[in-house]
Amino acid sequence: MNIENRDDINTRRSRAVKTAWLLGLVAAMIFVAFVLSGVLGH
Amino acid sequence: MTTENTHSHDETHDDHHDHAPSGFLNRWLFTTNHKDIGTLYLVFSLLMFFIGGSMAMVIRAELFMPGLQLVEPDFFNQMTTMHALIMVFGAVMPAWVGFANWMIPMMVGAPDMALPRMNNWSFWILPFAFTMLLSTLFMDSGGPAAGWTLYPPLSLQGGQSFAFVVFAIHMMGISSIMGSINVIATILNMRAPGMTLLKMPLFVWTWLITAFLLIAVMPVLAGAVTMLLTDHFFGTSFFNAAGGGDPVMFQHIFWFFGHPEVYIMILPAFGVVSEIIPTFARKPLFGYTAMVYATASIAFLSFIVWAHHMFTVGMPLTGELFFMYATMLIAVPTGVKVFNWVSTMWRGSMTFETPMLFAIAFVVLFTIGGLSGLMLAIAAVDLQYHDTYFVVAHFHYVLVPGAVFALMAGTYYWLPKWTGHMYSEKWGKIHFWISAISVNILFFPQHYLGLAGMPRRIPDYSTQFADFNMISSIGGFIFGASQLIFVGVIVHCVYKSKQKATGQVWEGAKGLEWTLSSPPPYHSFNTPPPINASTIAHAGEAH
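Chains A and B, in that order, are what the protein sequence lines are.
The opening position of the first sequence corresponds to residue 753 in the numbering used here, with each subsequent residue numbered one higher.
The opening position of the second sequence corresponds to residue 20 in the numbering used here, with each subsequent residue numbered one higher.
The hints are simulated quantities; they were obtained by calculation from the structure and are not laboratory data.
The model shown is predicted, which means the values in this text are computed figures rather than measured ones.
Where is the CB? At the ideal position from N, CA and C, for every residue including glycine.
Possibly wrong hints are sitting among the right ones.
Unchecked claim - Under 8 Å between C-beta atoms, here's a sample of chain B residues computed to sit facing chain A:
1) P130
2) I196
3) I203
4) M209
Take these sequences, add in the hints, and give me the full structure.
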């Protein structure tokens with residue numbers, strides 16, 4: 753693997769980690785929203 | 020083939036890295052390699068397929084004749100519940116994640132999944148989750164027996180083992196969400212330069228959309244079962260009418276998860292079939308872009324049809340009309356897909372190797388499941404069909420000759436790529452024909468049983484249903500036994516087959532994965548491959 757390509761892969765992996773955090777946050781918010789709607793709706 | 024250049028280029032880069040870690044634990048427990056994790060998922064799902072299948076055998080054996088012969092009614096209910104939970108969460112979903120792990124990085128030209136360590140976690144949560152779920156069968160209060168839908172108040176009348184069921188479902192959900200995050204992060208960030216979204220193979224597209232569905236609905240299931248847990252053990256009344264709660268609310272929440280869940284199991288099947296048919300018809304996929312939009316439309320519609328599962332709860336007429344028409348709308352993008360598969364085959368130079376046989380059977384038999392779904396969508400007549408064997412026949416047509424046949428088609432299609440050996444075509448075809456015939460003997464009579472009024476989830480029935488039940492059970496035993504052939508073909512291919520597979524494997528195969536050797540190097544595409552008309556799967560449409 754050449755250096756340029758490794759840098760490119762590292763940049764893309766770092767973007768992937770940000771994507772993952774964002775998606776994880778969305779999933780957590782959906783979970784909390786549904787439980788909260790049960791609590792508040794009650 | 021022009022793409023062999025890519026293959027040799029990749030191999031020269033990889034040959035000093037191309038070895039798996041030594042030692043069993045290092046290789047399989049600590050692995051971060053997408054191919055190894057894909058294999059783990061597939062082996063796990065096959066095991067679950069047989070555990071869930073053995074429960075189906077218990078069900079069909081009890082229903083072979085009227086009367087109670089083999090098991091207690093409560094154990095029968097545990098079998099129907101566990102069969103569904105295991106087949107949905109343990110067999111079909113992990114199998115698709117296994118396919119995603121193996122194929123997506125190779126199809127988009129990525130060196131691995133974007134988050135390899137999380138990938139390891141996603142898998143290794145599953146054996147613990149299912150050990151916990153299965154362990155409830157040996158507890159005093161027994162396993163869950165209220166159906167996989169876990170409707171309260173019935174599900175809340177179980178014993179202490181219910182906590183284990185809920186925790187197991189939480190773990191499965193976390194595994195699915197982590198797997199989906201990985202799929203999306205990989206597809207959006209790790210594609211080789213030049214692999215634009217509309218050049219991706221259909222399987223990758225269907226998985227991208229499936230992953231978004233999973234992230235949207237698995238937390239909903241987690242929320243619903245968490246509220247069941249607190250209702251059961253902590254005195255809350257989310258779904259307890261005596262405390263001011265609403266059991267019907269659970270049904271709404273469950274099916275808001277449950278209907279997209281059906282598409283989570285079937286969209287990757289659409290993707291696999293869309294890869295296989297062009298290969299064996301030796302034509303580009305007809306209407307690639309339409310297929311992508313149809314998949315996205317089906318995913319969107321899956322969020323607004325959930326209450327068609329509960330027409331009998333007594334919702335307002337406008338609600339019934341909305342959910343009825345929204346459900347029927349799904350037939351439009353699904354029809355686009357079926358039309359495109361048939362058009363791909365039209366005037367193609369078709370050959371009928373085992374993957375193609377399973378793919379064609381998928382198109383025909385899944386369509387039967389879709390049509391009975393349209394019948395169920397009609398609110399007025401659903402009042403008659405609801406909770407009968409007609410529903411059982413419908414969703415088994417969608418899931419067995421639908422999702423499971425696509426899994427088998429995909430396995431036969433990519434097995435030579437994964438192992439480097441050809442499987443036995445003769446035994447593959449024997450497996451196909453026995454499966455295709457017996458699956459219809461198993462499920463088709465259930466339509467008649469349902470129309471005649473036989474309820475689902477009962478261990479005993481009126482004698483008027485005896486004949487069709489016996490036929491169905493015989494079909495079930497043959498179908499179950501014939502899956503041993505499937506295992507035999509796989510084991511033979513992996514360990515005994517002497518026929519080496521070429522890189523391209525199939526004459527008509529196109530796409531990046533076929534530019535690699537068979538089996539592919541342990542680390543592939545460390546250097547991004549060139550993307551051009553000869554290396555993309557659906558070049559006829561997508562350039």
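Hints, verified against the model:
{"no.": "1", "hint": "P130", "result": "holds, 7 Å"}
{"no.": "2", "hint": "I196", "result": "holds, 5 Å"}
{"no.": "3", "hint": "I203", "result": "holds, 6 Å"}
{"no.": "4", "hint": "M209", "result": "holds, 6 Å"}
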